[in-house]
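Trainee: Take a look at the letters that make up each chain.
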Amino acid sequence: MSAAGNGAMSATGNAVPQEKMITFANVSRFYGEVLGINNVSLAIPPGVTSLVGPNGSGKTTLMNLMAGLIHPSQGEIRVLGIPPEEPERLCRAVGYCAQFDAYPKGLTGYQFIYSFLRMFGFSHEDSDRRTLESLETVGLVEARNRPVAAYSKGMRQRAKLAQATAHDPQVVILDEPLNGLDPLARAEAIALFEKWGKMGRHVIVSSHILHEVDRISDQVILLSQGYVVAEGQIQSVRGEVKDQPMQILVRCDQPGQLAAQLFAQGKVVECKLHTDGRGLLLRTTDADAFYLLLNRIVMDTGLVIESIAPADDDVNSVYQYLIGGEGATI
Amino acid sequence: MNLWMRQVGGVLRLELKKTLVSRRGWWVYLLALGPVGLSLMHWLMGMSATFGHHSIGEDSLVFAGLFHFYYLRLGIFFGCVGIFSNLFRGEMLEKTLHYYYMTPLRRELLVAGKYLAGLITAILLFAGSTALSFLMLGRHFGAAYTDYILHGPGLSQFGSYVLVATLACVGYGAVFLMSGLFFRNPMIPAAVVMVWENLNPFLPSVLKKVSVIFYLKNLCPVEIPIPPPFNVMVVDADPTPFWIAVPGLLALSIILLIYAGLSARQTEINYGE
Amino acid sequence: MAVYKKSYRPYDGGLTSSWTRFLVIPRFAFEDMRKSRFLTIFFLASFIYPLICSLIIYVQHNSSALNLLGVQGANRLISINATFFLNFLGWQSMLALFLASFTGPGQVSPDLANNALALYLARPFSRVEYVLGKMWILIVLMSCMTWVPGLLLFLLQAYLEDGWTWMTANSSLAVGLFFGSWVWIVILALLALALSAWVKWKPAAGALMFGVFFVAAGFGVAVNGVQRTRWGHLFNISALIGSVWVHLFGADPAVNNGGAFFRMPAGEELPLWCCWSALGLLCLACLYMLARKIRGAEVVR
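Protein chains in written order, with this note's numbering: chain U, 1 to 330; chain P, 1 to 273; chain X, 1 to 301.
Possibly wrong hints are sitting among the right ones.
[Claimed, not checked] In silico lysine-lysine, BS3-like type, Cα no more than 30 Å apart, as pairs:
(1) X:Lys35 - P:Lys17
(2) P:Lys95 - U:Lys153
(3) P:Lys17 - U:Lys105
(4) X:Lys35 - X:Lys293
(5) U:Lys105 - X:Lys293
Simulated from the structure, these hints should not be mistaken for laboratory data.
Produce the entire structure from the sequences given, and follow the hints as far as they go.
Mentor: This is the structure:
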């Protein structure tokens with residue numbers, strides 16, 4: 001992911017042509033005098049992209065702009081090369097699941113999905129097949145003839161997901177899709193997002209459940225007060241946060257000796273012995289230099305390293321470093 | 001079938017389900033079915049010997065009064081406010097309009113589909129109610145009333161009333177669909193339109209023509225004068241001929257709908273949160 | 001668990017008495033109302049007519065003021081009697097209808113639309129208290145517009161007339177003003193809340209409030225026309241209340257035919273018990289509607 005116009009790389013590292021990306025070029029949106037988003041330039045490649053930010057940071061505005069539900073005050077948006085001013089083309093490519101727990105009154109789960117498929121122009125047979133398929137995907141086939149209003153919150157959320165994806169869109173925009181889902185349903189939904197992402201779809205998700213976002217995201221967009229604070233693959237973003245020492249967990253047989261060596265070389269600012277006595281949690285300002293040093297220590301001392309893993313290159317940590325300091329809440 | 005026809009069909013199917021068979025619309029049914037119940041009662045009571053005697057002519061005048069003062073000024077007017085204002089504004093309030101806007105359907109077609117659904121509902125309710133009331137009001141006269149309808153002026157009156165009720169739904173429907181798109185609170189334009197329509201008899205003849213009721217009144221087969229003391233303030237205007245009134249009203253409605261369709265393209269989904 | 005046991009302290013302060021707990025709702029609702037400039041201006045404007053009436057009463061008893069205006073003998077043209085007070089009540093009650101239509105629908109509908117009713121009813125707060133609390137706002141405002149200034153005018157007239165003698169001789173006027181206002185207030189408040197509970201969209205509930213008065217009255221006229229009867233007036237709430245007022249004021253129905261906007265057409269008057277019964281039925285219907293909708297949870301089948 002990169003600023004619009006510069007091209008982008010997919011999660012697998014391949015270059016992605018413009019017409020397969022969602023691009024924002026200097027897009028701003030104001031609600032009267034209130035800022036929605038300001039001067040956003042993005043190019044989002046296929047895969048799962050998470051929008052992360054506190055309430056009022058502009059996540060929903062960004063999603064609504066992508067879906068063509070609101071228009072930018074300035075700038076240009078393209079979704080797979082389609083401008084949002086052409087809803088007849090855009091809506092075939094985009095499925096949108098809004099954050100609101102709202103449904104047309106008096107419809108059953110089946111009617112809810114089937115009715116809107118008919119508006120896509122699908123025949124009865126095709127709409128029926130797609131409806132049942134999407135209901136099956138979210139596990140609502142049994143409940144399909146009950147009114148949506150009588151569903152539990154989790155079921156309604158799943159019905160919304162099914163409705164948003166029943167027409168098999170290339171871009172799926174999901175605003176707080178995990179809200180109201182129980183852990184099992186949440187795991188299933190996340191698996192579904194991952195599957196869609198791996199199929200080459202764009203899955204744009206906003207969520208407050210950061211550790212789950214972290215698990216599924218190929219890339220993240222961090223927003224704060226209408227500005228894009230950071231964007232890209234989470235590890236790269238973490239690497240760019242130079243002012244926060246990186247946390248690394250090293251599992252080894254002699255953590256005390258390793259800590260002494262590291263401090264002697266001055267490459268770490270903090271070390272904590274793991275509670276089980278077989279690991280070291282350390283903080284370094286120069287990760288590259290630290291890894292080189294670690295190699296040398298291992299070769300010199302014969303230390304047995306079980307594993308080395310960054311401990312704070314997740315969305316939660318990046319969020320805390322970049323946004324949390326502003327007193328924002330999520 | 002064309003893609004757009006299938007799409008409009010899809011809108012129509014969903015909207016009819018929501019508009020025609022809606023528990024929330026109970027008061028619209030009540031508005032439409034009230035006079036039917038009244039006429040039915042009149043029929044049943046008319047058959048009893050104790051009911052006062054009156055002529056078919058008197059009943060026809062009574063129906064004209066019912067049509068002018070109840071159907072046109074209250075029933076169809078408020079019914080159309082309820083049905084058509086709700087088509088877009090109601091979806092906005094329910095936070096469900098985005099479901100429609102996320103379908104690959106031209107906004108103009110969405111407006112057309114919703115309008116058609118509202119129109120079918122309104123016509124079924126109000127033109128149907130007018131027809132039923134007319135047919136039942138004089139039913140107690142038996143064969144004489146059948147003769148009045150088939151061989152007298154009854155059939156033409158029946159046709160005129162149903163046509164006027166239909167045209168009222170067409171005209172008011174277009175007005176209130178548009179107001180539902182433009183105003184957060186469509187009751188304000190509804191109140192303004194109502195005052196304007198009710199002031200119509202007292203307006204100068206030029207201004208009279210900028211209203212729905214003026215054309216509809218001219219199409220009614222029986223004229224009902226304004227009762228005293230207000231009759232002294234009535235300004236007379238030349239009635240508009242049928243061939244201008246009907247196409248004129250339809251043209252006005254189409255212009256409003258086209259404008260609503262074009263505005264719908266620019267409408268943003270912002271539920272105010 | 002032990003941590004919670006140690007740290008959790010249930011609230012042990014004083015509770016609002018259960019008798020006055022419903023007043024918690026109006027406390028905040030009045031604040032909300034004050035924020036609406038339109039409602040504030042409308043409410044203040046509703047005191048213009050009582051002020052004019054008080055001036056009329058004053059002038060009627062002050063011949064020097066009349067002389068000053070050069071209209072000697074005009075006091076003989078002004079009569080402070082049942083008609084005067086009926087017109088006062090009629091005008092103020094019309095304004096109360098507008099106020100109820102503006103403020104009433106906003107009372108319950110937002111709570112229902114946002115599923116907030118459960119928040120109230122999860123507290124030691126019953127459905128009756130909730131309805132009473134919501135009604136209280138309307139009751140206070142409409143009282144300020146109707147019987148409070150009405151009784152003040154009555155006292156002013158008594159003070160300027162023969163004092164106690166006039167008061168005892170015309171006590172039926174005070175009774176009419178007080179109870180007539182209360183009947184109207186209760187009907188309006190119940191209707192506004194019932195419609196607000198059934199129609200979650202505020203503007204629609206307000207429109208329906210007007211509809212109940214005007215469309216129903218129109219339908220009543222249609223009933224009279226079609227059935228050649230006068231019983232259609234049973235649908236005309238304002239005419240029904242007008243008849244009740246005439247009775248409460250102890251006035252002559254032939255001379256005093258309701259207040260302004262509340263007249264039953266001459267010669268088409270209904271028996272008094274029918275008017276009372278119809279109004280009673282309306283109140284019962286409103287109570288039923290409220291009982292159906294004011295619930296902690298909505299069950300959809």
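Trainee: So if I understand the rule, the pair passes when the alpha-carbon distance is 30 Å or less; does X:Lys35 with P:Lys17 pass?
Mentor: Not satisfied, since the Cα-Cα distance of roughly 40 Å exceeds 30 Å.
Trainee: Between X:Lys35 and X:Lys293, does the CA-CA distance stay at or below 30 Å?
Mentor: holds, 28 Å
Trainee: Is P:Lys17 close enough to U:Lys105, meaning Cα to Cα at most 30 Å?
Mentor: Roughly 10 Å separates the two Cα atoms, so the pair holds.
Trainee: Do the alpha carbons of P:Lys95 and U:Lys153 lie within 30 Å of each other, as the hint requires?
Mentor: Holds: P:Lys95 and U:Lys153 sit about 16 Å apart, inside 30 Å.
Trainee: Does U:Lys105 pair with X:Lys293 here, judged by a C-alpha cut-off of 30 Å?
Mentor: Holds: U:Lys105 and X:Lys293 sit about 17 Å apart, inside 30 Å.
Against the hints set out earlier in the document, a violation occurs for number 1 only.
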